[in-house]
Amino acid sequence: MKRVEEWVDVVVVGAGHAGCEAALACARLGMETILFTVSADSIAMMPCNPNIGGSSKGHLVREVDALGGEMGKNIDRTFIQSKMLNLSKGPAVHSLRAQADKAEYSRSMRKVLQETEHLKIRQMEVTELIVEDGTLTGVRTYSGAVYHCRACILCTGTYLKARCIYGDVSTYTGPNGLQAANYLTDSLKANGVKMYRFKTGTPARIDGRSIDFSKMQEQKGDERVVPFSFETDPASVQIPQVSCWLTYTNEDTHRIIRENLDRSPLYSGMIEGTGPRYCPSIEDKVVKFADKDRHQVFIEPEGVHTNEMYVGGMSSSLPEDVQLAMYRSVAGLEHADIVRNAYAIEYDCIDARQLDLSLEFRNIRGLFSAGQFNGSSGYEEAAAQGIIAGINAARKIQGKEPLILDRSEAYIGVLIDDLVTKENHEPYRMMTSRAEYRLLLRQDNADLRLTPKGYEVGLISEERYQRLLEKERMIQEETKRVKKTSVGTEEEVQEFLRSQESTELRSSARLSELISRPELSYQKLSVIDRERKELPEEVQEQVNINIKYEGYLQRQLKQVEQFKKMEARKIPQDIDYDKVPSLRTEARQKLKECRPSSIGQASRIAGVSPADVSLLMIYIR
Amino acid sequence: MQGDTIAAISSAAADSGIGIVRISGPDSFAVIDRIYRPKKGSRKLSEKKSHTIHYGYIMDGGDVVDEVLVMIMRGPGTFTAEDTVEIDCHGGVCAMRKILETVIKNGARPAQPGEFTRRAFLNGRIDLSQAEAVMDVIQSKNEYALKNSVSQLKGSVRKEITELRGQILYHTAYIEAALDDPEHISLDGYKEKIEDEITEIGEKIRRLISTADNGCILKEGIRTVIVGRPNAGKSSVLNALLGEERAIVTEVAGTTRDTLEETINLNGITLIITDTAGIRETEDIVEKIGIGRAREKLENADLVLYVADSSEKLDENDAAVIRMLRDKKGIVLLNKSDLETVTTREMIEAMIEREDEKAEEADGDSCGENPPEEEDAGKPNSRRKRVPEYPVISISALEGTGIDLLEEKLKEMFYQGELSQDNEVCITNMRHKALLMDAAESLERVRESISLGMPEDFLTIDLMGACEALGEITGETASEDMINEIFGKFCLGK
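In order, the protein sequences belong to chains G and S. Here the first sequence stands for residues 1 to 621, numbered as in the working numbering. Here the second sequence stands for residues 1 to 494, numbered as in the working numbering.
Derived from the structure by calculation, the hints contain no laboratory data.
For the chain S half of the interface with chain G, some residues (derived, Cβ under 10 Å), not all of them:
#: 1; residue: Pro182
#: 2; residue: His184
#: 3; residue: Met482
Positions of the beta carbon are idealized from the N, C-alpha and C atoms, including for glycine.
The following block holds chain G by itself, in its conformation from the complex (with noise of 0.2 Å):
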């Protein structure tokens, strides 16, 4: 019989927001790309909440960003509210979230890919590995059909043997009732990758034109919306916002889930699949929170041409009789119509210690994974995968180096590191404070981290390069001179800090004194800085931070150096960690799962002791 047979350099399985992310990073730097997809309608799908960003994500799409990737102009299209989170803390916890079309935003990232030379996209279930001599050449269709590739990028989601459930009820699909992927786990495991099995969930959607929003709070966006993109103009995201619902559940809510506790499939046992404890279903909050009297629910619209509001805060797999009743005992929700109901889902993942820091797996070379196929979870995180997978798969057909970002460098370095480094028992989100440099790491200057690297791997600009250059000489020469100029004690100096409730001067002090008083800052001293030239509100913005938190970032950058020493001593990947002595043998365990790369990553392993770091440290020399 006649197969297809076609030669490509990449092969991306899966189209969600890794997936995208990888195929335009191949694509763009050059590589014949085919992405893979179950079904072409549902490119960048949305099937959980309709938000992207929020605390440490907000930072993901960012860097992604600033390395060139999709993710944060695609919202700044297709958004219809935004907020800054945290304002009223530090500038390294300021997170953006925007709240996104769901709709718009699958058929804009559709669009894109579909402009982008050198890729294709493809329907069809990529059903098996084509591996020789611990080297992935190929992938086989479920049609039959075989594709030949130099590299290949597994970004299944929560697809493979996928589960939905709730109450009794199970349906053997994807999210949404789409079709799962039912064959690429044996092949797999035939090749020795180990697999494990997760769990999520999702609330109901319900018919916006059923619910009473004067019983819930209305929450608005932010005034002035600020852009995800550094290359979005922020003129062009000044749109009309739709508003987002804050109502709460109460005790006969939790009643009717305590009732109904027994016909859950959670606590029945009928779930296998490991859950996130981050993001809790409300019969597991009901029942690790029992104290608490009431739970947060947001009411948000999942898109402008739909009527379907996500309830946020209430995800289930109860009984669809009793989702009914535990939805419409919430205030405003009283006559509510579920239009799609709440369900968990179980999927296959893998262990992510098989692979290395760029994401290629250890012992099928060529064979690169990234997002919830990698123990993740999240459209951010998957995104941030996405586009390193992708850049380490075309710098492999490339013969360059792999591109990895430490845990010192960016948000996307400490989710890798994590992944690859810890045994994972739950889907993984980001959070800021798994970051140990945060001040470092913030989301204002992930352009200044990472484009430089953007622009060496070629998915940035030379424009924007230059524009980036250009904004760093101005940063630091306006550093330097807040840091030497000084201003005296004359009365217009004394009024202003007079006005400002700051002390005022006994003698002349510099700009950059005043600048870390808490009640000053480097904008508010425009009045009395004569001297000062317009600078662009970005520039201003760092020139404000490095002043102002100087004390702390030197802080964090010394014990960078002391961490990057650590990096710095590599293990060489063929180490026979059975012939290193005096190991413990828990020690030699974790080592052989997860095979650092450096001491720095060996230490952070659990059940690695500081001795036995030492031993390792001996024997590599």
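Mind docking chain S on chain G? Use the hints.
What follows is chain S alone, placed relative to chain G:
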């Protein structure tokens, strides 16, 4: 971590003629310059020629810590191949510790077990054929240190540190949870709320640190108390051990009216020996005070040497002593073997057994009135029976016979781990102290940040620092604990 500057006492941690504190790393000379004052002249040591010895003082601010000889050696011609400074001080654990502390205050950090050796190896000073031996040393030293560290941190101190860490972790997790999910968790007023508590935790940590300073002499050895009825020869035993006449020895019963304390070294084991007043019913007020102190000392002792008089019959006073010894590690010294034997080993053992039985009955009666203070699994058991039984050694303190047997016995008990420095109320480990100081400093910075009006996310950076330092003492890691605390205590999420 390679590349920073480390310090440690590198002579045996027991009393010896000379103690050596060694510093190694790039800042070695900077550290010694900060704390060294020469006897004559004023040139900095860092400007002196390599491999030279200098005579002067180690200073802590304006105070002289000790008179020392300092050897400075530039890398790579040193053991570690790094710049190295060795401070020879008067032996004595206390002096060495003070110097090490001063060194650490001025920029070095306490070395990890085996770290000098590791550096020597990594810098090519030991060749590869020795690698395996080096590794074994590191692993075993580490195990020893770990065991030692845990045994030095029992009971109340460990509990307190764990509690303090728990409080800090809770607040850190609360703030982090709020940063991650600002719409669910509000931080309004939280800074004000925790300010007092942070201050209080800081004070508690400083109090722990101060126990390390006050307890210095007391804690660096096995606290040994000599007890017995009057004139059984306790002071003679002490003198025999000391090898000199320090305690007043007369034939009048009740000569030692207060307690005397001496530090001695037997086969490398440091004993801090307290001679006590004889225990007997007395009307003499001064003597009564002495007996009271003896009881107090006994409470805190790691080891009891019970001196009985073999030339006389056991009496009520002996029984009283035996009753006081319950639950204590001890050795019975049957003294005056040079005289005619009236009391034999068997007679003493019989008396111990009798007293135990009586006490057991009494325990049954008073049960509930005196519940055990610590939840120590070993204790209830030892209340039933004396474990291990007291070895009995026959000696003559006067003629010095049998003392060698006592030394052997002590050595045996120590190396079999029966004797340890079980100091529940004090911080005794240098590393623990340095970590507590780190934690206190971190909390100080938290307070500073609050007073400067810094946003909450700046506070957690130093709160985490404090958690990490305390966790290193108790053996817990901060990052995973934090994530667990966030998920466990606070309800987040979609």
